[in-house]
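One line per chain: the protein sequences are A and B, in this order.
Going by the numbering used here, the first sequence opens with residue 1, and the numbers climb by one from there.
Going by the numbering used here, the second sequence opens with residue 1, and the numbers climb by one from there.
Everything labelled a hint here was simulated from the structure, so no lab data went into it.
Source: prediction; values computed, not measured.
Don't take every hint at face value.
Covered stretches of chain B, as calculated for chain A (at least 3 residues, CB under 8 Å) [what the hints assert, rightly or not]:
(1) 150-160
(2) 196-203
Far from chain B, by Cβ distances over 12 Å, these chain A residues were calculated [claimed, not checked]:
(3) E243
(4) L270
(5) R292
(6) G293
(7) G298
(8) D328
(9) F351
(10) D359
(11) M383
(12) V393
(13) S420
(14) E433
Pairs of lysine to aspartate or glutamate residues, derived as EDC-like cross-links and limited to a Cα-Cα distance of at most 16 Å, are as follows [said to hold, decoys possible]:
(15) A:K338 <-> B:E233
(16) B:K265 <-> B:D297
(17) A:K339 <-> B:D232
(18) A:K338 <-> B:D205
(19) B:K339 <-> A:E233
(20) B:K265 <-> B:E233
(21) A:K339 <-> B:D255
(22) B:K339 <-> A:D232
(23) A:K265 <-> A:E233
(24) A:K418 <-> A:E147
(25) A:K338 <-> B:D230
(26) A:K339 <-> B:D230
(27) B:K339 <-> A:D230
(28) A:K339 <-> B:E233
(29) B:K338 <-> A:E233
(30) B:K418 <-> B:E147
(31) B:K339 <-> A:D255
(32) A:K265 <-> A:D297
Beta carbons are placed, not taken as given, at the ideal position from N, Cα and C, and that holds for glycine.
Number of protein chains: 2
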Amino acid sequence: MTSTALLTDMYELTMIKAAMHAGTAFRRCTFELFPRRLPPGRSYGVVAGTGRALEALRAFRFGDEELAFLRANGITDPELGAWLADYRFSGNIRGYAEGDLFFSGSPIMVVEGSFAEVVLLETLLLSIFNHDSAVASAASRMTLAAEGRPIIEMGGRRTHEQASVASARAAWIAGFGSSACLEAGRSWGIPVSGTAAHAFTMLFDTEEEAFRAQLAAQGESTTLLVDTYDVDEAIRTAVRLTEGRLGAIRIDSGDLSTEVRRVRKLLDSLGATSTRIIVTNDLDEYQIAALRGAPVDGFGVGTSVVTGSGHPTCGMVYKMVSRADSDDRSAPQSPVSKKSKDKSTIGGQKFVLREIGDDGIATAEVIGVGVTPRSDSNDRMVMVDLVRDGQIVGTEPLSEARARHERAIAELPLPGRKISRAEQAIPTVFVDETGRPVDNVYVAGKPPANL
Amino acid sequence: MTSTALLTDMYELTMIKAAMHAGTAFRRCTFELFPRRLPPGRSYGVVAGTGRALEALRAFRFGDEELAFLRANGITDPELGAWLADYRFSGNIRGYAEGDLFFSGSPIMVVEGSFAEVVLLETLLLSIFNHDSAVASAASRMTLAAEGRPIIEMGGRRTHEQASVASARAAWIAGFGSSACLEAGRSWGIPVSGTAAHAFTMLFDTEEEAFRAQLAAQGESTTLLVDTYDVDEAIRTAVRLTEGRLGAIRIDSGDLSTEVRRVRKLLDSLGATSTRIIVTNDLDEYQIAALRGAPVDGFGVGTSVVTGSGHPTCGMVYKMVSRADSDDRSAPQSPVSKKSKDKSTIGGQKFVLREIGDDGIATAEVIGVGVTPRSDSNDRMVMVDLVRDGQIVGTEPLSEARARHERAIAELPLPGRKISRAEQAIPTVFVDETGRPVDNVYVAGKPPANL
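Chain A on its own, in the form it takes in the complex (with noise of 0.2 Å):
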């Protein structure tokens, strides 16, 4: 992986500089990273990122180029320079496991250590969980919607071309069954998948030349697209090439809800009743819902999913919350809190509980505000660490973030599994000491009004 140093903000830069000077720069401090708000409408949204977030920590070095770039423009005296020459991030980071759910002001991660190394991480870390969380929280809806059916990912084209990769990744953990994109089956090990296109049959002179081509490389079990020219004339040519046998047909365009149950009957009717039918055409989970009743035996997902269906961003913000008064390494930290109009952040480290009742269904997002979460036996504390001492201890296979995605899914309440407009599934609830609400920050299944 080439390096991940400069996929940051100037301005992280001049404020570690002017702290350089200032002699505050290795003061400790904890950041958190957290979504002030759930999109309007959204019950719940799912962590993606992490496993992308402890590779790209791993690749954040400033090599010679880097340092020569930065010298050049004036960013770096020698004394910045010399110290960025040498980043390794030695701090600690928690936070919530891959594939989970978070909801408003959810920690999503807590990281800890000098100010320089801790403030330097925040640009990387934001676009890294502000794009693979939106993308899995769209997808996660999808996945309800679809009620079993695979879905294929196929919105690389829409989307910029390695943000594609990461899409496939974030949409496979909520539970996507495939990717279009070979470099997600590289990168990842997600499953590819993938037949022809329109033009693929336009290169023939006829729709059943196309048909018998990819019948003798791809097998009778593969797809054939049938909406280049006339679809009932393309299906009948399909079920009479492979004597009914046709693994799957797919329909891209016009009305898929009547379309597919008129196609359905004229595959039965030519004794292809076990052919499925796959279908694609700006789907989103809207319109995944709609289909629920409809014979469709799977789903090919792209623009909605890429660009998080709506909300192509999560609004994750990285803030400071606490830190130590001194340069001491073994001073305490005090929380602190910014007060600007409508984005002030609430202090100090936090702790998380997710509440589960006897029936295994989440009741609640428990924040301990410098305290962890008082627990019953059916409860479970959401973060885990991911870098000890700079060490790096939170890599884990994919499927367990896909699996995790499944479990933690199975929690929610049925209003939260809604796909039109809804409430935030589980309220979340700040907590002191004492196990009380915290007075001004209690949150009703919505962001307070101060968060």
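Let chain A serve as the given structure and place chain B on it in line with the hints.
Frame of chain A; chain B shown alone:
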């Protein structure tokens, strides 16, 4: 640059494999990359991505690692593997020059070569143009709304970390003044800027200490962030410390429209009459336009520009528009088109002229189907050669694209500069060899019914 070859949908390879077996893989074809329509309410789009696409084309090579992955997953057979190993695009590409405007149906790129070599580029080209042009299209509207006041792109943290760099590039083409992203500075020479975040202020025991530290490191021309605690108090401190010579203040919260007027008065009353006011806080083109008469000297824009201000992708597609009837390299190509419901394409090679009136204002986008439109003296041909016989000839400095954007915007009719909901600025007209509009695809400021 590492290989871009696997940033490709799997079906491009399954199609090529099947076509190879059928003997049609090397028929000469022409594919066109075009947007079916502009997003609702937009009067124009901005082409961005061309320079990146040419770089990505140069890096589109299947090395040992890529080939091993494909072989291991049964995606390639020996014949396809051998062909990919030698893959070098050998065809021709013409297209809109970067920074120019586009409209419904504009053939942004026309790619000609063998079916196999041309179809293989589909995913990567679409990813780049769909992303970069979405950002540039949004950025251009913000530039118009800012009426000459500089805009800083600071949205890297809201999008995928690599999309961040491409976004900074696209925004700069469309008139932004600088970017917060260091990698955008290194990769593309874009001016970078940035000063401090709230965390910097919170690192110190008092706001005054923080301001002193920043002034010491960056000088009095710096921008001090004044809304961590109390805005008025911060401004008084900042002016006092610099004896009124402070470069700028930044406000990142509150109702900016009333706030900046109040703050301007305060600065003036304290004698800091030349201290500039920079505003940030989830700005988009509408909020920038709403600050038209306000004493704002510069804007920072994040989320809205990197997410295309409501339209994070352009909906560009890549479709076969003509092909030869045989594998003979010199066989003439005939137009082809698909007839899918609501998604039909217009067959044939396209050549584009921007019709310009005597006043220098554009009046139509004239697209010749299979023919070069006749031009008058003021008109200009829109497409340029980008690749000839596999040789990249369209590389240019990024500043060319930025200058071209500025010139193209100067040609826009006044209603086309509206930030509020508008029709397409000029009509798209498809013409045939007689110069007359092609009957069924005349576009009067709107996409035709069948486009």
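Hint check: K338 (chain A) vs D205 (chain B), CA-CA at most 16 Å. Holds or violated? holds, 13 Å
So is D359 (chain A) really clear of chain B, every C-beta pair being over 12 Å apart? The claim stands: D359 (chain A) keeps its Cβ more than 12 Å from every Cβ of chain B (closest is about 38 Å).
Tell me whether the statement that chain A covers the segment 196-203 of chain B is true, taking a Cβ distance below 8 Å and needing three residues at minimum. Three-residue rule met by the segment 196-203 of chain B, so holds; n is 8.
With 12 Å as the threshold, tell me whether F351 (chain A) passes as away from chain B on beta-carbon distances. holds, 21 Å
Are all C-beta atoms of chain B more than 12 Å from that of G298 (chain A)? holds, 15 Å
So is D328 (chain A) really clear of chain B, every C-beta pair being over 12 Å apart? holds, 15 Å
Does E433 (chain A) really sit off the interface, with its C-beta more than 12 Å from all C-beta atoms of chain B? holds, 23 Å
Holds or violated: K339 (chain B) to E233 (chain A), with C-alpha atoms at most 16 Å apart: Holds. K339 (chain B) to E233 (chain A) sits at ~13 Å (cutoff 16 Å).
Need the status of pair K418 (chain A), E147 (chain A): alpha-carbon distance at most 16 Å? holds, 12 Å
Per the coverage rule (Cβ-Cβ under 8 Å, at least three residues), is the segment 150-160 of chain B covered by chain A? Per the Cβ count (6), the hint holds.
Holds or violated: is the Cβ of R292 (chain A) farther than 12 Å from all Cβ atoms of chain B? holds, 23 Å
Distance rule for E243 (chain A), whose beta carbon must clear each one in chain B by more than 12 Å: Correct as stated: the minimum Cβ-Cβ distance to chain B is 20 Å, above 12 Å.
The structure shown violates none of the earlier numbered hints.
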